[in-house]
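Residue strings, one per chain:
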Amino acid sequence: MKKYNILFIVILFLSGCSKEFLDLEPTNKISANDLFATEDGIKAYMANLYYRAPVEDFNWAANPYGGGPFNFTGNIAGMYPIVWTDEAVNSEYDDIQLYGPWAFMGWWEHAYKLNKDINMLFSVIPDLDIDNEKKQLLYGEAYFLRAYNYFGLAKMYGGVPIITKIPDLNTQEELYVPRSTEKETWDFILATCDSAVINLDDGDGTKRRANKWIALALKSRAALHAASLAKYWDKAPLSGEAVDKKLVGGMTNEDAQRYYKACIDASYEIIKTGKFSLYGANPANPDEAATNYFHMFAYPDDAAEEVLFIRDYVTKEYGHMYQDWGQPNQTKGTWPHPGRFNPILDFVDAFESYSNPGHSSPIITTTDGNYSNYSGYNPSRNYLEFDNPLDIFADKDARLKASVILPMATFKGKSIIIQGGIIKTDGTPVIEAAGEETIDGITYHSFGSANPSLVSGFYPVIGTRSGFLIRKYLQEDFEPIYPPVAACVNDWIEFRYGEVLLNYMESVVESGQGDVSKAEEYLNDLRHRAGHTTNISLTLENVLRERRIELAFENKRIWDLTRRREYHKVFDNTYRHSLVPVLDLRTMKYLFVRSRVSRTHAWSYPTQWYYKIIPGISSNNLIQNPQY
Amino acid sequence: MKHKILSLIILISLIVSSCELDNYDAPDAKFFGAIIDKETGDTIPQDLIDGSKIDYIELGYKNPQIQQLRFHVDGTFRNDLMFSGDYKIIPTRGNFFSPDTLNVYINKGENKIDFLVTPYCTIKNEDVRFELKDYKGKLWLLAYFKVIQHTTENIKELMLAIDENPNVGLRINTKYFKRPFKKMTDPDKELLLYISLEGLKEGTKYYIRIGALADIPEARYNWCKAIRVDPFSLPQP
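So the protein sequences, as listed, match chains A and B.
Mapping of the first sequence onto numbering that gives the first Met the number 0: residues 0 to 627, in sequence order.
Mapping of the second sequence onto numbering that gives the first Met the number 0: residues 0 to 236, in sequence order.
Incorrect hints may appear among the rest.
Claimed, not checked - In silico DSSO-like cross-links for lysine-lysine, where the CA-CA straight-line distance does not exceed 27 angstroms:
#	chain 1	residue 1	chain 2	residue 2
1	A	Lys211	A	Lys234
2	B	Lys61	A	Lys234
3	A	Lys28	A	Lys42
4	B	Lys155	A	Lys568
5	B	Lys123	A	Lys244
6	B	Lys177	B	Lys155
7	A	Lys244	B	Lys155
Note that these hints are calculated values from the structure, not bench results.
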């Protein structure tokens, strides 16, 4: 009898199931069909893709907590990419090496997730219920995002697997796509840019979604990167299986010329439309030049003629922390951790002065003019003395004071006090140490005040230790508040006309192709905007200096050093340097001491870091980059 | 009460008996040896930081990862925490011509393997001599030495490094001087590097090494062995 019972139950179960039993639609998720059924749904999907695109903006930072380096708002003490270059140093940490092969910068997994969702977009566009023109624009944006994403991958990993459709999970070939060569990867990126350009139009005017000109600017940037790699890869040669199979390197001089040409053509297409120009192109004087240049980065929407593409920050829930970390101690509001971005002397030295155009003009602090002595204060040398510390920078390119807060410069209506020491009346120096002397009832403290909250320099961690603070991107009307974290909502300029001009002139001077006279004109246009009146000639040195100055802190330096294979030359047992303003109590004037940045060590860039480690080799069957 | 204690004892014994201490074996093998110049039989000095490496792959897995081991400054190496098993081993990315990959079984206990290779170049300590010179108001250390070259490529750079640490080299130094060379050299030709003594402490003994870098991808410096001197008391001819 029992047997029958069991049989009955089994039959009941079997007959009780219909085929759709397992095909229930989830009730807490929107299906693809529903999402893409409305234009708002498509817009939401696109917003998500743009958000996840690898934009190296205010929230691009090494992320030790997992999740990739983009859109990162966690607390890593302001250790942002600018302080890993020869632009700046962090006031608290010197652990560039901590980020080693950049495991914290790993972008692999997230890039391929984004790639999958871009491929998904490609697969649904044909069936969307919208008119063909809109479909074409969506294709254009999808191509743009794909190119942007692969550019992010290629510059970190070299040749990568190219996956342009949603893989069939049942076929090995589609699941295990091998790495393409580095050359094929760059060709793919440039060809994808071309597809984007063909499909896109002038855009909706918001500068927040891809248009034809943004796609061209991406091509200009990517082609210059590829060209430089092809030309300079041999300056830091690597070996191993990835090199033998040309997964990294392996590009020729012909490739370099071809990529430079692609950069020239893409850049010139933007230039020749006449739709764009430099913001504040004709300043009356250097002061006006500085004001204009500063204003563009603080308020990008005001510079519509120069800005091509903006990364928009809207709400304090999805903001960034750049202004907080960069804020001088005196204007920190309720934010507890100011002053982390300290531009270094080596960067300040690189600026031209108006009286000596065409040359970097190092800060001269002594009568002997020797600027390569960083061994600190030496009473036997004759130091130049100044009533106002700003006087020593008086002749420098206006972009210096627009990008950097100089000692005793005015910011938010306050004089930002950056003082690193005193020379006592008996001649005893007290430099980068606490000390004071009272003269006629007035006490002079080595850091400007015994109260750390009244000054912005040289108190450990809260004050700059290089003698400078960042100014670019800091809005005068922004008040740091804490909590919440990441409440800054100023926008990031991702592409601007100035960079397009710089890409053009570098390609011309490197390859001998293109129009030399135009390139020279653009070089001087940029300098003219910065208040220069004397033209200089188109040389590689001039172009690279201009690029370093003009694009300062825009997160480009790290890639310029990488693509031109200069990182390991610039950082080869290298110390970074500071300029310490010292009040001489004997004369009540300021002198300056060129030093090594305190509490830092010599740093070298190992050449294997030019390519990052690829994660998951044991399961994805890929060939690893050299030396990992 | 008795019941409670009894049940507690049963519970504890159950918990204890159901656990094994560990289900993985600890490393059981030691692997050590040196990188040796096959002509002279001397070990080849290395850099402590960014020096040559031994790549090794433990077989028996799908897609095994490359593991790495570094040399000591004197050219020896040691890893006391290896697992016995089949390995592919190759010293690579160094200051010598990489030998063929070794397919070896690492036994339990001690495994000594010496790699006999040809270095890219050699600087013999007996060829090194120092002088002190007073020039333009500064004291300079002059180092004369010879480089025996085994490559057909150029010597890219010469370097002198000085530090109080005997591991002095490319990254460990208080002062160094690098000179681009970019040509071939003759083993009998005496070469010169010089460095000012500014910033060094008088009466202190320092370690000095002289190195030559071959123009080969990822090559490391070939060094002489560290020489201990007080630079201020060197002969002044």
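How the hints compare with the structure:
1. In summary, the hint linking A/Lys211 to A/Lys234 is not supported, as the alpha carbons are separated by about 35 angstroms, beyond the 27 angstroms threshold.
2. As the CA atoms of B/Lys61 and A/Lys234 are separated by approximately 35 angstroms, the hinted pair breaks the 27 angstroms bound.
3. Between the alpha carbons of A/Lys28 and A/Lys42 the distance comes to roughly 17 angstroms, so the proposed pair stays at or under 27 angstroms and holds.
4. Distance hint between B/Lys155 and A/Lys568 is fulfilled; the C-alpha atoms sit about 14 angstroms from each other, no more than 27 angstroms.
5. Straight-line distance between C-alpha atoms of B/Lys123 and A/Lys244 comes to about 38 angstroms, which puts the hinted pair past the 27 angstroms bound.
6. The hinted pair formed by B/Lys177 and B/Lys155 meets the criterion: a straight-line CA distance of about 10 angstroms does not exceed 27 angstroms.
7. Between the alpha carbons of A/Lys244 and B/Lys155 the distance comes to roughly 26 angstroms, so the proposed pair stays at or under 27 angstroms and holds.
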